[in-house]
Every structure is written in C-alpha cells, then in structure tokens.
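Undergrad: Just so you know, the sequences run in chain order A and B. Sequence positions in the first sequence follow the working numbering and run 1 to 571. Sequence positions in the second sequence follow the working numbering and run 1001 to 1225.
Read the hints as simulated data drawn from the structure, not as lab findings. Among the hints, a few may not be true.
Stated by the list, open to error - Chain B regions said to be covered by chain A (calculated; three or more residues, Cβ under 8 angstroms):
#1 1008 to 1019
#2 1036 to 1048
#3 1059 to 1065
#4 1135 to 1143
#5 1148 to 1155
#6 1171 to 1178
A quick note: this is a predicted structure, and the numbers were derived from the prediction, not measured. We put the CB at the ideal spot given by N, CA and C, even for glycine.
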Amino acid sequence: MLGHFLSFCLQLYLSLCASRAQAAEQPHTLDKIKSTHTISLGVRDSSGALSFTTGNGNYDGYHVEICRLIAADIQKQLGLRSLKIKYVPLTSQNRIPLIQNGTADLDCGSTTNSAARQRDVAFANTLFVEEVRIAVKANSGIQSISDLNGKKVVSTTGTTAVQLLRQAGRGHGLQFEAVFGKDHADSFLLLESGRADAFVMDASILSGNIANAKIPSDFRIVGDPLSIEPIGIMMRRDDPAFKSAVNAAIAGLIAAGRMPKLWDKWFLQPIPPSGRVIGLPLSENTKAAWANPNDKPAEDYRGVKPAAESAENSRGLDWQVFCKSTLTGKRVDHCFAFDQARSKDPTYLTWLLNAWKWTLVVSSLALVIALSLGLTVGALRTVPGIPVTKRVLAAGVELFRNIPILVQVFIWYYVLPIFLPFLKAFPSYIVVAVALGLFTAARLAEQMRAGILALPRGQIQAAKALGLSTLQSYRYVIMPVALRIIIPPLTSESMNIVKNSAIAFVVSVPELTMFAMQAQEETARGVEIYAAVTFVYALTALTINRALGWIERHTQIPGPSSGNSATQGAV
Amino acid sequence: MNLDFSFYNWAIVSDYLLKGFIFSLKLTGSTTVFGILIGTLLALAKLSKHAWLSRPAILYINLMRAIPLVMLILWFYLLVPLMLGRPIGAEPSAYITFTAFEAAFFAEIIRSGIQALPPGQSMAGLALGMSPLQTMRLIVLPQALRHMIPVLLTQVIILFQDTSLVYAIGAYDLLKGFETLGKNFGRPVEAYLLAAAVYFLVCFLLARCILFVKLRLSVKGLAHD
C-alpha cells in the first residue's frame, strides 16, 4: 500500500515538474478557436469597472469589452463565420493556472503585468495603466504617505499593493499597522467603518468604491502614486501566433481611435448594474501606453531591473522560495536562523511560521470557548425541568449552527459594532475566535445532547433510585459516560476548528490561509506555497486526532465489550 | 452607518441569486447521495477484518479529515487538469471534490452507527443462517443508518454551508451571489445580512424536513427516545 502511495506521490511530483513544460504540448490557441468555434474569456465577478458581472452569467467592463472586440477581430483574421464567446469566471488565486492549462484563452480581468508572472504567462500590449494610491476619509487630515505614521492602513489580501505597502513603510521609515481585507469591498468597509485610517490600492478601485459609497464626499484620494502598474490582458506563454493576433487586434482598436471612447464609457459615464460613475480621469501613463504599445512589466515602470532568475529556477518546483526575503524578494542566508535577522528582514518561512502561530492562537481560543459552552449547553438541554432555559438554548443552537461561519464572522465584525460600539475595542483575532467558538459550540451541544440521550435509561433510573440529586446524577453517572461517548465527534469538531480557523483571514488575522493567498501572489509560486500550507494544516489536525485518540484509548471503560457498551442503550 | 435595502427587487434575485442557490442545492444534493453511498462502503472497509481493506480506508478517512476542504478544492481543480492534460470545469471539479471529501465524514458517522448497534443483532442474523453480507445489508445497515439520521442531517447542513467554499475556484454559489450583489451595488453589509437570513431559513427548514422523515422512518416497535 505504502508503495502505491509513494509511486502516486512520485507521479504527482513529476506531473508538477512537467506543468510548465506541458503548456507547449497543448494545441495552439488559434487552432483550438478555429476547430471549436469558441473563445473562452476569463472574467472577474467584481473587479471595478475592468470586469464585473451584470448578473445572470453576463459580464461587462472595460477589459471585457476590449476582449470581445479582440475576439471579433480574431474571428475576422481566421475567416470564421461564427465565434461563440464563453465566459470563464476567474479569481486572483486561480487565474494563472487556468490560463496555463487552457481553461481560459484570455484573462480580461485586472492582472498586473509583472516580471515574475511573465515567467509563467504572457501579456497583451497594455491598454490600462494603474496607479496605486491612498484613499482616506476627507476629514482625517492625512495628505500623503508620511502622515500615515502610527495609523492603520488597509490593503486587500492577494494583491501587489500589500508588498508595496511593506516596502514603502520601510523606505519612508514609517511605523504603521497593516490590516488586510478579504476583497476590495471588505477593505473599503474597513476604511468606512473606521477600523482603518487609509486604504492603499489601485486608483480605479478606490474611485469606484468611493463613487459607490453612501456619501462619496466623505472620502478623498491623496498623495503621489505609490507605484505605477500596467494591468494587462493575460494569455498563455509560448503561443506567439495567438499573441500577435491579439496585439494586431489591439493595434486596430488604437488606430481606429476607439480607446478614448472606451475609456469615457467605462470610467467617466454611469455603468451598470446600478448606474454608478467611477470618475477616473485618463492618466498620462495610460495615454503613453496607447501611443506606444508594449507589454513591459511593472518593474520597467518603476525603473527597477528585476533580478534575473536563472533559467532552471523557473522550471519545476522551487522550494528556495521560503528562503526569500518578503521585502526584496531576494534569497537570503538566514532562512533558518532564529535570531535578530529574522525580525528585521523576515523570509517567507518566518512568515509561514508566524501564520501558523496565529492559526494555533485562534483555534485554541475557539476550542476553549466551544468546549466549555458546547458541553454545558448540551448537558443542560437534557436536564429535566427548566423548559424556558431549554427553549432559549435550543434557539441559540439553531441560530449559530444554521448560518455559515463566514457570514457569522462578517456580522460579528462589521454589523454588530454598529449597535454595540464596545465590540470595536476587541482585536480581530478575539472576535473571530468568539464567532468560531460559538459556531462550533452549537454543533458540540448537539453531539453532547445526543450522547446523553444515547445512555441506557437504566443508568439514569438507577441513579435516581439510589437517591442522587439531578446534579449528582449528572456529575457521577451521566457525564462520565457521555463524555466518553462523544470523544469521536469531539475529535472531528476539534479538527474542524483548526481547519475553519482559516476564516480568520476575512477579518485580517494574518493566519495560514492569508499567508497562502498573499505569498503565492507575491512569489508566483502557488504550488510550493499551497503544498506547504496544506502540510502544516494536515500536521496540526492529525496531531489533534492522535492526541484525542490517545485520550479515547486511555479513558475507555474496561470490560469485555468496552467502547460499544456505552452506546447500546441507543437501540 | 445606516442600512439601505432599497436596491433589492425581484429582477436582482433572479439575476444574481437564483443561479447560485440552484448550484448550492445541486451540489448539496448530489454530495449527500454519493457521499453516503461511498461513505457506507468506506465505513464497511474500515470495519473489515482484512487489513488490505481497512488500512487504505483508515488512511483515506484520516487524510481527508485533516486537510481543509478549501485546500482540497484548490488542489483538485489546479492539479488534476495538469495530470489529465486537459482542463475540467469548476462545477464538475466541485462535484467530485465535495463527494470525495464528504464521503470520509459520512463514513465516520455510519461507522459509529454500526458500532453502536448491540452485537446481538448481527449475531442473531448470523445465527439465522444469513451470510455476513446479508446480515450487514438486511439487519445492521438499515438500523445503523436510521439511528445516525440526526448526525447525518447535521453533516448535510454543514455541507450546504460549506458549498460557499467553491469561491476558491470561481464557481458561483449562493453566498457568492450575495457577495457579488453587495459589491456591484456597493452594499456589502446589507447583502451579508440578507445572506444570513436566507441561510438560516434554508438550513432550519432542511433540519425540520429531515426530522420529519426521521420520524416516518423510525423502526416500529423498538424503544426510542
């Protein structure tokens, strides 16, 4: 069996190594389009005005319309009578692999064209140049990045702005607290609800969110751009014929003078679905890109020459990524050194370990809450009498187990503080531990109740006959057996807590899932990062599994049919 | 911050939410059916006396229970196409991953249901001259499954809520519908509040329905709580 498993692992590894090489073995995109009469456009559900859904499986936006125009031009170039457009929804986590494996032919979303990404994919000539800027509340008095000292600054997980923020902080000698939103809407909500003082992000996203806010005049975009980034239409690498067809279509759009009209339509006029106006004026950088079409990566705009990665590094797996600095992206020597150097110039490994720590903190806090509350509530619901208390507890259990944990965390963090302002004082990891604790407590309470109900009636009757009070019968007869019965479901729930703690990233706790999303974005090494994070999760959960298994074995009631005897009363 | 629900109307519900709701229901339904089928086989394998059956089953169940579902979804979605050499869609991928994952959980529930039966039941079956397979199929499993219905139901509710994890591969479920709606109309708080209400209602009704089924299915003549 082990042999089979190992050979499977080997196969998996080999196929991973082959992943980048395999792109070349796929049919050329143009041939595929010709034979299937279909082009797959990768789209985003809500990437500002660049790409968004108008509902019912339809998509629109600046880049989506450009992609449709490109598709029409390719249809003409190939002489096809009809060409079907298929939309493939992408996320920032899956867009690169899906372009690589051919699920989507073009990514018409909001992907920054960077040197790191150009190792894996290609970009069409840039038609949109983004500026990373700072949005603040109009009355905050913040004018530029230097005013951010000691403030809370939010950015969105999985974007290049996070790394930029880290570098800018170091460059200006600033100390600020970085917080992270799950997506742009959440990040803006952090600014709107006063949990952050500034939101650093692409200007188009900032102005879109501000235009959409309840009172747009409450917000302002201030300071110089922190960075200038070309946002490109992404496609497969190693398919030059397709790339030149796309670029020819783009050249046609520019030559026909379509670009200024498209800009006006998407960034200055009301757009669907709600008729909002983004209000983003055409920048000099975008104009320059139209005048001189190119696919230069962001590094060229910043005037930084990217460190030339050796060719063999870009193929196969590269575990060195964990020894790279999170500030410079360069490999450093103190990868495993646990000293001063770690805190000054942390590597991705340091970050991973730190993220693990947060996962453990949130999980163990939640576990304490879930155990103490869940077991008590479950037991109380079986006590004879106290009908009102039992009904209240039953309602609580239904409430907490029937709403997804993601929604519950969101409500604890954003909605309840509107009515209970003191909740804002708690750090977010406490909020998420409480939410996760209550969610799990509701499930544990049910398990506990089922465990007690499964006890043979005779046990409880015997306790009563012996003259024990209710409290005594629970303390000496019921609980000792019931607790043993529920160890297996308790094991499952404890493992679930570790896994569900991933939800903490939603309220910007820097735990493992946030690390995975952010680090794979920064390093473009998704496979290695996800593998490491999956391993750490599995290790944690299995440790808990083993520990509780040990407890189960060592607390078993001795006897001929131990283990099963306790639950026999269920029949 | 005051709440503003004015942007909701029926056109929006059918444009943004219906598709996601149907997908969530379909994913929950098919995972429940196939997950319980495969889970039963896994449970039997785990309880088997033969090591070549029980060892792989135990390994599989423990591995599935130790990995976060969202990681499994990502791995399957991103890696299987690389191995097959051709892409698979987000939705087929979600169906397969969810079934593979939930089967491990259903297996544990069914196993504890089987083990909770008094050994006398299967002994009686064997004493009547039934084969072990017949005993399992006609005596043990019908009772074990009935007893575990409340726990299976809880797992189905968890499953319905977990369908929201398909966000990782860009599939469109109910929660995604609410999120997209909230973002594209600039009302995330209101959208999440409505999501909470809808999920609560669906899960609560689901629980009531299955409890009703449980009462109809219960074995007549046996003592019950």
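Undergrad: Within the assertion that chain A covers the segment 1059 to 1065 of chain B, do at least three residues meet a Cβ-to-Cβ distance smaller than 8 angstroms?
TA: It holds, with 4 qualifying residues against the three required.
Undergrad: Taking beta carbons only, do three or more residues of the segment 1148 to 1155 of chain B come closer than 8 angstroms to chain A?
TA: It holds, with 3 qualifying residues against the three required.
Undergrad: According to a criterion of three or more residues whose C-beta lies within less than 8 angstroms of a C-beta of chain A, is the segment 1008 to 1019 of chain B covered?
TA: With 5 residues in contact (Cβ-Cβ under 8 angstroms with chain A), the coverage given for the segment 1008 to 1019 of chain B holds.
Undergrad: Count the residues of the segment 1171 to 1178 of chain B whose CB lies closer than 8 angstroms to any CB of chain A, then report whether that count reaches three.
TA: holds (count 4)
Undergrad: Tell me whether the statement that chain A covers the segment 1135 to 1143 of chain B is true, taking a Cβ distance below 8 angstroms and needing three residues at minimum.
TA: Result for this restraint: violated, n = 1.
Undergrad: Within the assertion that chain A covers the segment 1036 to 1048 of chain B, do at least three residues meet a Cβ-to-Cβ distance smaller than 8 angstroms?
TA: violated (count 0)
Violated hints, listed in ascending order, are 2 and 4; each of the other numbered hints is respected by the structure.
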